Structures are given as structure tokens and as C-alpha cells.
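Enquirer: Residues per chain, in single letters:
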Amino acid sequence: MAYVERSEIDPSIDAEEPLGSVGDFFALLKPRVMSLVIFTALTGMVMAPAGVHPILAVAALIAIAVGAGASGALNMWYDADIDKVMRRTRGRPVAAGRMAPGDALAFGAMLSVASVTFLGLATNWLAAGLLAFTIFFYAVVYTMWLKRWTPQNIVIGGAAGALPPVIGWAAVTGTVSIESLVLFAIIFLWTPPHFWALSLYKTEDYRRAGVPMLPVVAGAAATRRQILAYSVVMALAAMAPFVLGFAGIAYAVIAGVSGIAFVGLALRVYRSEANPAGERAARDLFAFSILYLFVLFAVLLVEALGFGGGLA
Amino acid sequence: MSLPVTESADMSEPSNEPVTPGDARSRRRRMRSIAIALALAAFVVLFYLVTIAKLGSNILQRPI
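For the protein sequence lines, the chains are A and B, in the order given. With the working numbering, the residue at position 226 of the first sequence is 225, and numbering never jumps. For the working numbering, count along the second sequence from 1 and bump the result up by 8.
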């Protein structure tokens, strides 16, 4: 069968319309964010007090990961104008002009519908509904509304990133419980210090793009105060799994020590100023925050698998 | 826009043939088609496995 370019049929269609590569489509899924989503959703699934067929568990994880990726694609479609201006994001496929915006939109929309439907069929419709809500919240509430409107954008928008363990739990049990909500709370409270640390040393980028991040709107000093406040509350909330009895002593020790380290780094940021040392403090906190969340969920996962004496 | 891009498609056998933007575009489109085919095949397999896992032994217990 001969292949005919659309532009040969309809000359009004630009033959030079960018054609994203397979790698570009993969980049639309924000693979690094996706890996964190998979990890936290897996933790929620393993901690859930019910069994699930391994194939259904894998299918659920794939659906959750693809759903998260779909919301990333929709984000890159809508935010291409902002991404173009910011150094951190200007290499993204749509912003860099390597892909037609319509392709990113179609890709994200198609994967959203497919992932939600597949999760519903493979597990249950509560989990599917939560995944649909997560995609909607990230792509519409956060990306289209909050991000350009309020410095509280990542505080409220953080709910989308905090939902995967709740979805994982719901996929196994068909319910939303206090345990899964505690996991949600930890990620939710972790998000502001994580992103504000980044925005402290990317302030100019955000200002140029017109994104009202906290340092742009309220200044660096107010941001440092907020980082410290959220860090303290987050470190305390991270002890809840042990206090409520669904994590063991290993988790308590690691969450306690790493929480103190987190608050210590936040205190260093709080005391810092707008100079190279201050930027280094913010970069250190940002890097540590990723390690911190990974370690907390890794310990919960290991304990739930029965290696740490947590739930036994 | 005209060429010349000197990179060969096959690195093991360097060719003097220039790669035109049209060639690169066709290759990219072909790779996309292959990726879509693989994704669809994976989806079919996954759907089949999920169906079997959900039905389990019940698949043998239907009224005849």
C-alpha cells in the first residue's frame, strides 16, 4: 500500500509540521515522575490488607503509570508556552517544536481514557475513578487553573501527586482507608518544601514565564519560612504510620532520623540568603527531599513485604 | 530546506548517499508505526492475561 503524505492531498496542511519521534512521545509521559508514581502506588498496593492476583497487580500498576504519564502529556501540551521560556523545561518535545501540540493532546487524552478504563476493568471502579480524578486534577485544576493563578499552586496541586498510593490501595481493597490517607498526607505535605526549594534557585525562570510561584510573589524570605513550616509538619506526619500501628520500629527510626535531617536542611535554607551558599542550601534540600520520600516508601514497602517486622 | 545530512542510517556500512529530510521523516514515521504496533500487541496480551486472571477457574464452570 502506497503511503501518501496528508500534505499531498491537502496542500493547506504544512508538510513540515513537526513529527515527534518515539522518544519524544516517551518524554511526554515524564518518565521520572512516573517512576515515583509507580513506586508509591506499589507501596499502597503491597500495604493493603488484601491479596490480589499478581497479573492484576501488574496491570493496575501499568494503568496507574500510564494515567500519570497521560496527565504529564496533557500538561506539556497546555504549558508549552511556559515551558519554552523556562530553561529547565525548554527542551520538552512540544516546547522545543519537535512535536505538534495536537499530537501531545491526542496522545494524552487517548492514554487517559485507556488507562482509566483498563484500571476499572482490571480491578475496580473506585480505583479507576480515583485515577480519573488524579488526571483531571493535575491536567485541569493544577495545569490550566492553579499554576498560573496562585502561589498556592503546588500546595493544592500536590494532591494529584499524592494520590497514587491511595489508588494502589483502592485497586486491591476497593476502599479508601485511614492508612492510605496517611500516605497521601505524607506526599501532600512533602510537595511544597520540595518544589519551593527548587523554585528558590529557579526564581528567574518562573518570573520570566509569569508563573506566580511563592518566591516570585511573596519573596525568598517568605518562601524559606514556609519551607521550614511545611518541613516540620511533614516530618511529624511521617511518624503517623508508626503511631497508628501500620509501620514497624524500623520505619519509626528511619522516618525519625531522616525527618530530623530534612528539617535540619530546611533550617539551613531558612537561615540562608540570596547568594551562592543560599542556592546550595536550596539545591541540597531539593536533592535530599527526593531521597527522603524514596527511603520512607521503600521502608514501608519492605516492612509490608514482611522483611522488617512491621505488620507481623 | 535541503540537506545534506551526512550521517548514514546504517553506521556499520557508511554510505555516501545523503539523508534527505524526507527520508528522516519517513524513518521517524516508520518507527512510530512500529512502536504503536508493539504497544497495541502488548495491550492485547495484557488484556488477555487480565481476563484469564479475573475469570480464573470460573471459566470452566459455565452452564452448557
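It is worth saying that the hints were derived from the structure and are not from the lab. Hints are supplied without guarantee of correctness; some may be wrong.
[Claimed, not checked] Which chain A residues face chain B? A few, computed with CB under 10 Å, are given here:
| id | residue |
| --- | --- |
| 1 | Gly19 |
| 2 | Ser20 |
| 3 | Ala58 |
| 4 | Phe117 |
As the structure is a prediction and not an experimental result, all values here were calculated from the model. Note that beta-carbon positions come from the ideal geometry of N, C-alpha and C, so glycine has one too.
Enquirer: Can we keep the serine 20 (chain A) interface hint, with Cβ of chain B closer than 10 Å?
Expert: holds (5 Å)
Enquirer: At a threshold of 10 Å, is the proposed contact between phenylalanine 117 (chain A) and chain B supported by beta-carbon distances?
Expert: holds (8 Å)
Enquirer: Grab the minimum C-beta distance from alanine 58 (chain A) to chain B and call the hint holds if it beats 10 Å, violated otherwise.
Expert: Hint on alanine 58 (chain A): holds, closest Cβ of chain B at ~5 Å, below 10 Å.
Enquirer: Using the nearest Cβ pair, does glycine 19 (chain A) come within less than 10 Å of chain B?
Expert: Status holds, d = 8 Å.
Violation of the numbered hints given earlier is absent; every hint is satisfied by the structure.
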